[in-house]
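A.B. asks: Please take these sequences and the hints and turn them into a complete structure.
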Amino acid sequence: MLDNLPLDQLSRILAALALVILAALISRWQRLDLEKDILTAAVRAFVQLIAIGYALTLIFEIDSALAILSLLSVMTLIAGYTSGKRGLGVPHSGRVALLSIGFGAALTLGLLVGLGVFEFTAQQIIPIAGMVIGNSMNVCSLVMGRVRDEVNGRAGEIEAALALGATGRKAAHPYLRKALHAGMTPIVDSTKTVGLIQLPGAMTGMILAGASPLEAVQLQIIVMYMLIGAAAFTGLATVWLTHRQFFTPNQQLVIPLA
Amino acid sequence: MDPDDKPNPRFQVRKLTLARAGRPVLHDVNMEVAAGEIVCLLGPSGSGKSSLLRCLNRLTEPPPDTVFLDGRDITTIEVIALRRRLGMVFQKAALFPGTVAGNIAYGPGLDGRVLSPAEITGLLALADLPADYSPRPVAELSGGQAQRVAIARALANEPSSLLLDEPTSALDPGSRRHVRETVEKLRRELGLTVIWVTHYIEELLDMADRIYLLQDGRIVDEGPPGHLLGPNSRHKTAEFTAGQLE
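Chains as they are written, first to last, in the numbering used here: chain A, 1 to 258; chain B, 1 to 246.
Since the hints were made in silico from the structure, they are not lab data.
Computed from a predicted structure; not experimentally measured.
If a hint is listed, it holds; no wrong ones were tucked in.
Think about it this way: if two alpha-carbon atoms lie no more than 27 Å apart in a straight line, the pair counts; the simulated DSS-like pairs of lysine-lysine are:
| no. | chain 1 | residue 1 | chain 2 | residue 2 |
| --- | --- | --- | --- | --- |
| 1 | B | K92 | A | K170 |
| 2 | A | K178 | A | K85 |
| 3 | A | K36 | A | K85 |
| 4 | B | K92 | A | K178 |
| 5 | B | K236 | B | K15 |
| 6 | A | K178 | A | K192 |
Here are a few chain A residues that sit away from chain B, every Cβ distance over 10 Å (derived from the structure):
| no. | residue |
| --- | --- |
| 7 | I13 |
| 8 | I59 |
| 9 | G89 |
| 10 | I126 |
| 11 | L199 |
No residue lacks a Cβ here, since even glycine has one placed at the ideal position from N, Cα and C.
C.D. replies: Encoded structure:
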């Protein structure tokens with residue numbers, strides 16, 4: 001496998017590894033006890049990225065719709081599982097996460113292809129999907145956790161609203177809005193300040209690969225718009241699905257026992 | 001009217017048994033509350049008083065054929081319509097962020113009904129609060145004031161009955177008396193039926209037409225306060241209020 005790696009890439013990787021080793025040495029010197037985690041993370045990153053690089057090379061060569069959709073499904077399942085695990089205290093959090101992320105990603109990617117922003121090829125869709133699904137996973141985790149915390153913290157007010165004749169959705173509405181706001185704020189703030197503090201990843205990668213800055217920023221703009229849309233779609237789906245887990249069909253609040 | 005055609009009691013509870021998370025909460029509870037009565041539910045912590053109250057407006061779902069409102073099984077009444085007929089006030093006022101007027105207008109607003117300033121003033125008056133409370137932020141209110149706003153909020157839906165779950169337990173004695181007087185006035189002026197969960201003996205003596213004592217999810221004593229709490233009474237209610245039943 002290593003024979004297929006261009007030697008100059010390997011020497012650059014090994015050179016960059018010096019930074020990791022330095023970080024581990026600093027940890028050792030300052031007794032931070034992080035050196036094992038740092039070195040483990042570096043090894044895992046190397047193995048995982050090389051593996052995904054080979055997998056993507058294979059998929060790009062096959063370039064069939066089935067292969068693309070299969071990989072996207074696997075990515076969505078992993079994202080749903082990861083986000084679901086973070087949703088402790090939300091009943092059926094795994095299902096909520098999978099459906100929310102799946103909905104947000106499918107709608108975003110579908111619109112991007114349908115509007116002609118990207119072509120449905122492995123080379124274009126898979127990297128884009130990685131960003132969309134990863135972003136959706138973070139939004140879902142944030143929103144799900146916030147809905148859970150708001151419902152738990154405001155249970156008295158929610159039940160007071162139920163007792164006055166509100167539905168569960170109406171009773172929880174002010175707090176669901178807060179949760180959605182919390183989920184979207186990071187990407188909105190990041191979009192507002194993009195390029196002012198640091199150059200984001202997509203355009204950095206393109207510039208390093210030899211693209212002109214103007215070419216790179218156009219792609220980056222598309223990426224930022226795409227991520228805002230994905231955050232909104234996923235956030236809305238998460239809010240809707242999560243709040244339903246806390247109410248019975250008879251509009252009773254159910255807080256899971258710890 | 002045929003003397004045998006007695007009107008249905010406002011509330012009737014028949015053989016209500018309830019468990020939560022596998023743990024028994026209420027056992028074979030039977031209770032009747034006539035229209036216009038004030039009934040107090042008494043008992044130690046965990047005895048099932050709040051659980052019983054919450055069954056009456058289906059905040060906790062009772063089994064079918066166990067709880068009746070004006071003769072009708074409440075599980076056959078659409079839950080939103082049921083709750084609008086019954087006002088509820090909780091131990092903590094649980095006011096919504098915003099103003100007093102916003103809180104009072106919430107219930108009718110669910111139906112699309114907008115209360116006029118005069119209607120809000122009228123509801124404040126029923127709860128013994130002056131009209132100038134209307135624009136005040138709820139965060140500025142004392143505990144007693146907040147509870148009376150909660151009462152006004154519950155009254156805005158024009159309920160036939162009020163369910164009060166230890167509404168005065170977080171209040172000082174002066175505020176407790178104010179709330180008591182307000183509820184007694186509402187019963188007199190509006191003919192409200194009131195079910196009040198309490199552990200304060202002065203509330204039993206001042207207000208209750210009848211008392212139900214709960215222990216471990218069962219009704220263990222019931223009757224008028226004069227009968228249960230009279231001198232030399234050996235009723236369990238007397239023992240409980242004397243601190244002997246724990």
